[in-house]
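Just so you know, we're using this note's numbering here: the sequence shown kicks off at 1 and counts up by one.
These are calculated hints, taken from the structure and not from any lab test. Incorrect hints may have been included.
[As the list claims (entries may be wrong)] Straight line, CA to CA, 35 Å or less: simulated DSBU-like cross-link-like pairs of lysine-lysine:
1) Lys27 <-> Lys55
2) Lys87 <-> Lys24
3) Lys27 <-> Lys87
[Said to hold, decoys possible] Simulated restraints, written as ranges between beta carbons of each label pair:
4) Ser76 <-> Lys48: 27 to 33 Å
5) Asn88 <-> Gln51: 21 to 27 Å
6) Asp9 <-> Glu49: 20 to 26 Å
7) Asn72 <-> Gln35: 17 to 23 Å
8) Asn83 <-> Asp61: 32 to 38 Å
9) Ser67 <-> Lys27: 16 to 22 Å
10) Asp36 <-> Pro90: 32 to 38 Å
11) Lys87 <-> Asp61: 34 to 40 Å
12) Asp84 <-> Arg11: 27 to 33 Å
13) Glu49 <-> Lys27: 16 to 22 Å
14) Asp9 <-> His53: 16 to 22 Å
15) Arg93 <-> Glu20: 29 to 35 Å
16) Tyr75 <-> Asp18: 28 to 34 Å
Note that CB positions come from ideal geometry on N, CA and C, so glycine has one too.
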Amino acid sequence: MTSYTLSYDLRNESGSQDYEPLWKELKRLGAHRTQDSLWLINVNNTAKELQDHFKQYVDADDRLMVSELTHNQHYSNAYAGTNDWIKNNPPSR
1 MTSYTLSYDL
11 RNESGSQDYE
21 PLWKELKRLG
31 AHRTQDSLWL
41 INVNNTAKEL
51 QDHFKQYVDA
61 DDRLMVSELT
71 HNQHYSNAYA
81 GTNDWIKNNP
91 PSR
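Can you make the complete structure from the sequences, with help from the hints?
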């Protein structure tokens, strides 16, 4: 399995689009929210497959980025549980 970061800019978050299905799907797949719009997820898919899967949960003008998590990462003030999630889902390279 590979660990990825998934981030987004939801351009219509306060408008008519309902993003609850996006967050439910991330949680269903065991993702961990580390910042308001940044999640960590460990799956058996490629970054492209993951992005294609999540496109159905966002509008065409929203921004979505998936990137492989590597050992060379640093952060501060992440949400509780981030250190444990990374420890339990270590980057593969």
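Query - Numbered hints the structure breaks, given as an ascending list - result: 10
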